[in-house]
Amino acid sequence: MKILVCLGNVPDTTTKIKISDNKLDATGIQWIINPWDELALTRAMELKEDANNLVDGVSVVSVGLASAEPTIRKALAIGADEAFRIDCEPTDAFFTATQLSLVAKDFDIVLTGIESSDYNGISVGGMLAEIIGSASVSAVSSLNIDADKIIVSREIDGGKETVSTQLPVVLTVQKGIAKDPRIPAMRGIMMARQKPLKVIAATSTANLTEILKFEMPQAKGKCKMVDAENVAELVNLLRNEAKVI
Amino acid sequence: MSVLIYAQNWDGKFKKSVYELLSYGKKIAENNGTELIALSLGNVEKDELESLANYGADKIYFSNNSAFESFDNEIFTAALKQTAEKVAAKEIILLHNNEGKALGSHLSVALKAGFVSAAVALPESYSPITIKKKVFTGKAFAHVKVNSDIAILTLSPNSFEIKEIASAATTEEMNFTLPTAKTKVESREVSKGKLLLTDADLVVSGGRGLKSGENWGMLEDLAGVLGAALACSRPVSDEGWRSHTEHVGQTGKIIAPNLYIAVGISGAIQHVGGISSSKCIVAINKDPDAPIFEVADYGIVGDAFKIVPELTAALK
Ligand SMILES: Cc1cc2nc3c(=O)[nH]c(=O)nc-3n(C[C@H](O)[C@H](O)[C@H](O)COP(=O)(O)OP(=O)(O)OC[C@H]3O[C@@H](n4cnc5c(N)ncnc54)[C@H](O)[C@@H]3O)c2cc1C
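As they're listed, the protein sequences go chains A and B.
Residue numbers for the first sequence follow the working numbering, beginning at 177 and rising by one.
Residue numbers for the second sequence follow the working numbering, beginning at 939 and rising by one.
Calculated from the structure, these hints are not laboratory results.
If you're wondering where the values come from, they're calculated on a predicted model, not measured in any experiment.
Any given hint might turn out to be false.
[As the list claims (entries may be wrong)] Take a look, some chain B residues computed to stay more than 12 Å from chain A by CB distance:
| id | residue |
| --- | --- |
| 1 | Lys-953 |
| 2 | Thr-972 |
| 3 | Glu-973 |
| 4 | Asp-985 |
| 5 | Glu-988 |
| 6 | Ala-991 |
| 7 | Asn-1003 |
| 8 | Tyr-1064 |
| 9 | Ile-1103 |
| 10 | Ala-1104 |
| 11 | Thr-1115 |
| 12 | Leu-1116 |
| 13 | Asp-1159 |
| 14 | Asn-1196 |
[Claimed, not checked] A few chain A residues facing chain B, derived, Cβ under 8 Å:
| id | residue |
| --- | --- |
| 15 | Phe-270 |
| 16 | Lys-281 |
| 17 | Ala-305 |
| 18 | Ser-312 |
| 19 | Val-313 |
| 20 | Glu-337 |
| 21 | Ala-382 |
| 22 | Met-392 |
| 23 | Pro-393 |
| 24 | Cys-399 |
| 25 | Ala-404 |
| 26 | Leu-414 |
| 27 | Ile-421 |
[Stated by the list, open to error] Below, in silico cross-link-like pairs of lysine to any residue (SDA-like), each with a Cα-Cα straight-line distance of 20 Å or less:
| id | chain 1 | residue 1 | chain 2 | residue 2 |
| --- | --- | --- | --- | --- |
| 28 | B | Lys-1122 | A | Ile-327 |
| 29 | A | Lys-281 | A | Ser-380 |
| 30 | B | Lys-1019 | A | Ile-308 |
| 31 | B | Lys-1254 | A | Glu-405 |
| 32 | A | Lys-400 | B | Glu-1248 |
| 33 | B | Lys-1224 | A | Lys-224 |
| 34 | B | Lys-1224 | A | Asp-403 |
| 35 | B | Lys-1024 | B | Phe-1114 |
| 36 | A | Lys-389 | B | Glu-973 |
| 37 | A | Lys-325 | B | Ser-1125 |
| 38 | A | Lys-396 | B | Ile-1207 |
| 39 | B | Lys-1254 | A | Glu-409 |
| 40 | B | Lys-954 | B | Glu-986 |
Beta carbons are placed, not taken as given, at the ideal position from N, Cα and C, and that holds for glycine.
For reference, chain A alone in the conformation it holds in the complex (with noise of 0.2 Å):
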């Protein structure tokens, strides 16, 4: 069984977003994996070391230039066996989508993030299963593999469901799905330096969306302090003043 997990290159999480000349302003931008997508790739090593599993090889792909290749290393060196970078910049998300179909076809378990951190939505897994016509279930948080049985939980509202599916299978993943994200051992950063990255080139498809300006939230009033011998002020302000209660 071979797994595939789709990384995105987003802005680190503390970043404070910047516009400028319409785009987002990169500089001093951190630039790190989907948080989700690391756990995803977190969840498949596991699976990949676990003896009893029939996981023969994890392969991470990125859609991204030149410049998304410090985070395709990186795993690498978490423990990735092979990695592939589809070159062009992602613009939306049908764009980036059948981009990655292109390698998520010769796959039986596909990973992606359930929400990227970046503008490109949180679309991309369930239309690449759509494009490739495979099995998909989103919101998924654990991953099993019991025999041949691909076995899932999924966040449902107020409670959870455990779900069994069919290969081969995008999964749409979110937190749960691993603990804590792994970080690369010194080890592993030297062996990813021999392990394959093939760069595959893009394959030419429409825009079905395009983001034509950025707005920034308008900035809050000031926050009205209450003094903290008079709770019974806040009351009468969230009652008469915000008319929230």
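On the provided structure of chain A, position chain B with the ligand as indicated by the hints.
Chain B with the ligand only, in chain A's frame:
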């Protein structure tokens, strides 16, 4: 041509968020001079189905087929696609929840239609559709243009006002050609009767400043008098003080209640990303320089262990 909304049900009942979708869809239909169609999948009683007409639906399509008892991407996508084709939907509007997000992405490919998630307002123009949506976990907005004839949207919760408009809707049962499911729900655990965080208008949230899970009693009391749901910061769920289902923020749930009360929460950027769309934010923190005060509307600097019980008492 028409506007199609998917009216998801929970154990046969619709929620406020579905009526919000209808009110939103109605505005678009009125603008375009088209019909508003609602689709319900799964077992819903007639009275409940007809409630969709109170919010402007012109036609209500439904199917009680047992295939819709549990959610499957392919099955639900097939039903939506067939309905969209039948009614020549130009706009398809879904809830911004797990099902809605999954359906939006599948349908986008199936119908070759641009998908915009987390829309926050009505379109700014209609042909082509351009619309404002959240990006970078609420840290910014983007104005997105849809390049296809059909547009698929999910609507951010609490971003549109619900309006009752009685209409004389017709109801019609649909017969779909469905694929065989590739996934199967083996079991389900749901806690009944609990107010869901994502549905709640009022939320009381606690952070590491509360020191331990045993101190949650006072937050429960406050939530009790308000009729609020409970939430927490990530370290609180990581420590196991509270269930991870209560964790809000960039890696947890993203919520937009009318009132969010943050107690002993510093206001880290990842936390704020999950709550910044709340209509009103109250911060209670002993540190006057805590960043949470930068996003709060009202603040009290002081010891939570003293202020929270006083607040509860003042509300009674
Ligand atoms: C990739 C990534 C993703 C993350 N995602 C999330 C996320 O989704 N959600 C999230 O919440 N965090 C997230 N974090 C963590 C985030 O950076 C912060 O560490 C976290 O939000 C801090 O939680 P806190 O405010 O409860 O705790 P702290 O930062 O420790 O703040 C505790 C606050 O309590 C106050 N306090 C202490 N005692 C009292 C008292 N007696 N009365 C009143 N106030 C008191 C203190 O002044 C302080 O401001 C993420 C981090 C990373 C790196």
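Exercise. Can we trust that Asp-1159 of chain B is non-interface, i.e. its beta-carbon lies farther than 12 Å from all of chain A?
Worked result: Given a closest Cβ separation of 14 Å, the condition holds.
Exercise. In terms of Cβ atoms, is chain A entirely out of 12 Å range of Ala-991 of chain B?
Worked result: Holds: least Cβ distance 25 Å, greater than 12 Å.
Exercise. With d taken as the least Cβ-Cβ distance between Asp-985 of chain B and chain A, does d exceed 12 Å?
Worked result: Holds: least Cβ distance 22 Å, greater than 12 Å.
Exercise. Is the hinted pair Lys-1254 of chain B and Glu-405 of chain A satisfied, with a Cα-Cα distance of at most 20 Å?
Worked result: This hinted pair holds, its Cα atoms lying about 18 Å apart.
Exercise. Do the numbers back the hint for Met-392 of chain A, that is, is its least Cβ distance to chain B under 8 Å?
Worked result: holds, 6 Å
Exercise. Just checking, Asn-1003 of chain B versus chain A, shortest CB gap more than 12 Å?
Worked result: holds, 19 Å
For this session: May I ask you to test the interface hint for Leu-414 of chain A with respect to chain B, counting a Cβ-Cβ separation under 8 Å as satisfied?
Result: holds, 7 Å
Problem set entry | Cβ separation check - Asn-1196 of chain B to all of chain A, threshold 12 Å | violated, 5 Å
For this session: Identify whether the interface hint at Cys-399 of chain A stands, where standing means a beta carbon of chain B within less than 8 Å of its own.
Result: holds, 5 Å
Exercise. So is Ala-1104 of chain B really clear of chain A, every C-beta pair being over 12 Å apart?
Worked result: Given a closest Cβ separation of 27 Å, the condition holds.
Problem set entry | Satisfaction of the Pro-393 of chain A interface hint, Cβ to chain B closer than 8 Å | The hint holds - Pro-393 of chain A has a Cβ within 8 Å of chain B, the shortest such distance being about 7 Å.
Exercise. Does Ser-1125 of chain B lie within 20 Å of Lys-325 of chain A when you go C-alpha to C-alpha?
Worked result: holds, 15 Å
In summary, the structure is inconsistent with hints 1, 14, 16, 33 and 36 from the numbered list given earlier, while agreeing with the others.
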